[in-house]
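Student: From first to last, the protein sequence lines stand for chains A and B. In case it helps, this note's numbering puts the first sequence at residues 389 to 754. In case it helps, this note's numbering puts the second sequence at residues 389 to 754.
Don't read these hints as lab results, they were simulated from the structure. C-beta atoms are modelled at their ideal positions from N, C-alpha and C, and glycine is treated no differently. Do not take every clue at face value.
[Said to hold, decoys possible] Chain A side only, calculated, beta carbon under 8 Å to chain B, not exhaustive:
#, residue
1, Ser433
2, Thr472
3, Ala529
[As the list claims (entries may be wrong)] Just a sample of chain B residues kept apart from chain A, beta carbon distances all over 10 Å, derived:
#, residue
4, Gly427
5, Pro483
6, Gly518
7, Asp570
8, Gly582
9, Pro630
10, Glu662
11, Val665
12, Leu678
13, Glu699
14, Pro751
One letter stands for each residue in the lines below.
There are 2 protein chains.
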Amino acid sequence: MSSRIESSLPVQLGRMERARVVRDGEPRLRDTHITLSHGSGGKSSHALIESLILPAFRNPLLDGVADAAVFHAGQGNGRIAMTTDSYVVSPLFFPGGDIGKLAVHGTINDLAVAGARPLALSVGLILEEGLDMEILRRVIASMAEAASSAGVPVVTGDTKVVHRGKADQLFVNTTGVGIVEDSVRLGVDTIQPGDAVLVSGYIGDHGMAVMLAREALELEANIESDSAPLHTLVAALLAAAPNTRTIKDPTRGGVATTLNEIASRARVAIAIEEESVPVRQAVRGACEILGLDPLHIANEGKLVAIVPRAESEAALAALRAHPLGRDAAVVGNVQVDPAGMVLLRTGVGGSRVLDMLVGDPLPRIC
Amino acid sequence: MSSRIESSLPVQLGRMERARVVRDGEPRLRDTHITLSHGSGGKSSHALIESLILPAFRNPLLDGVADAAVFHAGQGNGRIAMTTDSYVVSPLFFPGGDIGKLAVHGTINDLAVAGARPLALSVGLILEEGLDMEILRRVIASMAEAASSAGVPVVTGDTKVVHRGKADQLFVNTTGVGIVEDSVRLGVDTIQPGDAVLVSGYIGDHGMAVMLAREALELEANIESDSAPLHTLVAALLAAAPNTRTIKDPTRGGVATTLNEIASRARVAIAIEEESVPVRQAVRGACEILGLDPLHIANEGKLVAIVPRAESEAALAALRAHPLGRDAAVVGNVQVDPAGMVLLRTGVGGSRVLDMLVGDPLPRIC
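Please model the entire structure based on the sequences and the hints provided.
Tutor: Right under this line is the structure:
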């Protein structure tokens, strides 16, 4: 790799790297066994990854908080983005999507928010002995349709089978590679006080749709997953607001966790106006019943963007002009203090600290 | 993608594509449910992939039998290789390796045999609730050591947790990207009658080591997995034998399945001299007791190469000069008839058809 990578364009560790944002000193991993909250995307996940996984893999090339790693391929080959996700969502089918569609969209989105043009996907399947072939057929058809619609080919794959009772029907890994044009310069280090915070539409739909699809929960509401590929929305945003600071897809842990990661990493405060955050009535209602905050619920077709104030109107207009951004809104701004924290200004004039997700109220949401 | 890709350098579908080699007409998938043999890498795997998975994803760019997909990144960006594997090996630790080392080596090897210089790896973990943190720590340390020793960085990752009883401790997906230099021209379509068939050393070690590590099997033998990264061995081979036709790593399904894939794809016959195939005495003995053929047992640190006769001596010398190829041998040659088949010439002067693996005598070997 060129020395340029090691200095101005470090290889970035994607998901894992998010672990670094643990705020209060060094992360601690007191647990002796894995719990569901280690997979939540919230505080426990961060502690696990930061204290056990990252130290093992860390090297001088690893830096950044991107959803995808971005690195040079060699002499003059441009930058390659790479991202990986395993999907263990339960149930496999839910209103608005299924594990296959979710996997394709999720991986495309991790590339997209890194500023990459998605190039190719791989698919790794782990199947449980006894799985109904029709279920597999439906999931594969859904993946193929999602990949084809998004214009991103599946180029390689792998299939493994484990004994009955050693997996839960079907797990999917999708990994994606993309190309980052030299003109793309996203990074939380460019964030400045005064920048605007945008979300591209209603939040919490995916997590709530999956939650309500579980038979154990006797709650009915008309909520569909927002699973969608965001690469064309990101392209529209970057064209309209070329100095966009950073873009994230608020999946596990929701918008609140994503904003906390950004605030911590950029050493700024982020202030959010609660009333300006788009939340569907059905999602808000279900959250109230379950004692959850929509800001902690996973999204699979939404983005959060930090944009210079001067470009925020253009950014908002560009998002709203796109079918996947019709309900976009400016929800807050970046401030100097209290650095590393996210504040939520409530309707009645008060404000409270908005933390990242703690525990895992919604396991296996993706 | 350029039209050049679609003609002379098609995107290749790696593992999945192997399904196409099913010989006797169109593959048939009569099963209504997944069985362990669908994960064997042998005939059932091929039928599943060819009849259910490939038709869904197939597009004009998909072709070839490489272990990695190879495609252009865009204008003048060279070719990118991509490969994915999920690892579900049981037990997690076995003589000579563990699931983490295996995953790193396996993915590096799929890139290497496609003629690619490995560039970066991703790691996707699926953890079972209740997993002992020390087990995870050991696996991660092993992956990091393997990646570091091979000089291929892990650049991104993902961690998911499922409920107790919904996975078997720990599954790993590793996906790799690499760069294929323009000078590399591997492809089964270049194979010609008279070419030599080489293997890089003793076969069957990995599969037997894992098999014997299972407590249920009361067989003891001193067999260690051959898990190793083959990229430098491939580089040495290509330097010595620049017209090498194709290189494969005979993992699931063993050397026999790999040779059948090559013979079918290249529409040639391959004749193997049984006595020239390097098999350790302990592996041969365990195979005899279990009724298995060493040629069907998985390897994780060996390669099969088809080389022009004129370069076979140089190829053999280059392999033997490398620590991972000390026991390399020429084991057979390519013939015109019977096209698509592999013949095994036995010591007593007879010969029999060597088929690909049927069923799965060794589930969860990788």
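Student: Compare the structure with each hint and give your call.
Tutor: Do the hints match the structure? See the list:
no.	hint	verdict
1	Ser433	holds (7 Å)
2	Thr472	holds (4 Å)
3	Ala529	holds (6 Å)
4	Gly427	violated (3 Å)
5	Pro483	holds (22 Å)
6	Gly518	violated (5 Å)
7	Asp570	holds (12 Å)
8	Gly582	holds (32 Å)
9	Pro630	holds (21 Å)
10	Glu662	holds (30 Å)
11	Val665	holds (27 Å)
12	Leu678	holds (19 Å)
13	Glu699	holds (27 Å)
14	Pro751	violated (7 Å)
In this structure, the earlier hints numbered 4, 6 and 14 are contradicted, and the remaining ones agree with it.
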